[in-house]
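Generate the whole structure from the sequences, applying the supplied hints.
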Amino acid sequence: MKPVPVLVLMFLFLYLNISAQAQQKSPFQAQEIYRSETLVLTQVSENTFIHTSFLQTNDFGNVPCNGLVVTDGKEALVFDTPTDVAASEELIQWITKNQKLEIKGIVPTHFHNDCLGGLQAFEELEIPSYATFKTIDLARENNFVVPKNGFADSLVLKVGDRTVLVKHYGEGHTKDNVVAYFPSERVLFGGCLVKEVDATRGYLGDANLDTWSGTVEAVKKGFPETKIVVPGHGKHGGVELLDYTIKLFQTRHFGERNGNEVK
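Residue numbering for the sequence shown is -22 to -1, 1 to 241, as defined by mature numbering (1 follows the signal peptide of the UniProt record, and there is no 0).
Watch out, some of these pointers could steer you wrong.
[What the hints assert, rightly or not] Below, in silico cross-link-like pairs of lysine to aspartate or glutamate (EDC-like), each with a Cα-Cα straight-line distance of 20 Å or less:
no.: 1; residue 1: LYS199; residue 2: ASP221
no.: 2; residue 1: LYS126; residue 2: ASP62
no.: 3; residue 1: LYS126; residue 2: GLU104
Keep in mind that the hints were calculated from the coordinates and are not lab data.
Take a look at the structure:
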């Protein structure tokens, strides 16, 4: 057998090393990891999961509603509850029993029931709840379960050794809507402030159409490193969701305003 030239060995080593690095840097492939009739969980990055539950409405039918679970180490944070107590209990069970994580907090991103409809399930377990003072006031006015811990415009929460930033950039879907950003994985949860690509304007009963586009522009500027964007309803994606939402609300189409889509 002839000896393999050193140059060939060096080339082979370099090739294998580059290939390994490329595999390590390849984008995470989102995958559904749990499904029942009332709850779906989709992993979109190493430590980030979308929880999707369903809300029966008169105007839009049975609407899928997204929230987010962010984890690190043995801890988890939840953004928006599932739409009711039963689905919230199911999510809590999955986090604490299946994943064996401690839930350090729940953050409703605005006062509608697709964000805090299941808050009672978290309160019964004494899981800390956080919301803006505006959200707390609006929840109280609408006779919803009220989050316990208030903040003005921004909040930094710890999960394991990592942080999540929650911030109010302005009015849009509602006057109190906030977004949450997980910088270590560049994931932005836009909630109902952000639309999936090709979505309609949706429910406008509490919206500020004059500021919505500008608010999302501010979010985009505030988190320029964003890689993954999760909307309140529909499919996640990248910054194209922000661009689509900005464009969707740049032009006002005046018509009958009854809380639904302006036709």
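Status of each hint after checking the structure:
1. At roughly 11 Å between alpha-carbon atoms, LYS199 and ASP221 fall within 20 Å of each other, so this suggested pair holds.
2. In summary, the hint linking LYS126 to ASP62 is supported, as the alpha carbons are separated by about 18 Å, within the 20 Å threshold.
3. Distance check on the hinted pair: LYS126 and GLU104 sit about 10 Å apart at the alpha-carbon level, within 20 Å; holds.
Of the hints listed earlier, there is not a single one the structure fails to meet.
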